[in-house]
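Engineer: Can you build the whole structure from these sequences, using the hints too?
Residues 1 to 139 (my numbering) make up the sequence shown, in order.
For the record, the hints were derived by calculation from the structure and aren't laboratory data.
Idealized CB from N, CA, C, for every residue including glycine.
One or more of the hints may lead you astray.
[Stated by the list, open to error] Simulated restraints, written as ranges between beta carbons of each label pair:
1) Thr25 / Asp49: 15 to 23 Å
2) Asn12 / Asn94: 35 to 43 Å
3) Ile46 / Lys8: 23 to 31 Å
4) Thr113 / Thr9: 57 to 65 Å
5) Ile13 / Lys48: 16 to 24 Å
6) Val6 / Lys63: 52 to 60 Å
7) Val93 / Tyr20: 33 to 41 Å
8) Val71 / Lys8: 38 to 46 Å
9) Ile121 / Lys55: 32 to 40 Å
[As the list claims (entries may be wrong)] Pairs of lysine-lysine, BS3-like flavour, derived with a Cα cap of 30 Å:
10) Lys48 / Lys69
11) Lys55 / Lys69
12) Lys98 / Lys69
13) Lys48 / Lys10
14) Lys55 / Lys92
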Amino acid sequence: PNVMTVNKTKINITDKYDGYHFTGTEPAELPNTVNSGDIIKVNYTIRKDLSYVVKYINQENGKEITDSKLVENQEYMAEITENAIDIFGYNKVNLEEKITIGTNENVINFYYTPRTDFRYIVKYIEGEEVQSSFGLLSV
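Structural biologist: Dropping the structure here:
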């Protein structure tokens, strides 16, 4: 037939697709009938409201050693590369990490180990408070 009834329940007008927002149809109001060859467009845009978190973790005990970093307004499926930051008293285990932004939790973990090249000097002076100092061993 040249004229067909539009089954509006079969046209998805929700955020059906992961990573995309429904933005409307063309025509804006779905018709009750269409002619053979007519097109009803259902439009979606890629999400740009996603985020990721970068965590800095002590590899020995699993605890975060500094505040994590939140990066917002990321686009779905964007390729992200982060580099480990310098943290005093720790060595970096992994220097660079990559992720692809998804719609679930996006997390980059950087691991660190405590430095062992510190030298401590403790001076005891009779009759006075105990004084101490520390420095780095030359590498």
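Engineer: Going through the earlier hints one by one, which of them does the structure break, listed in rising order?
Structural biologist: none
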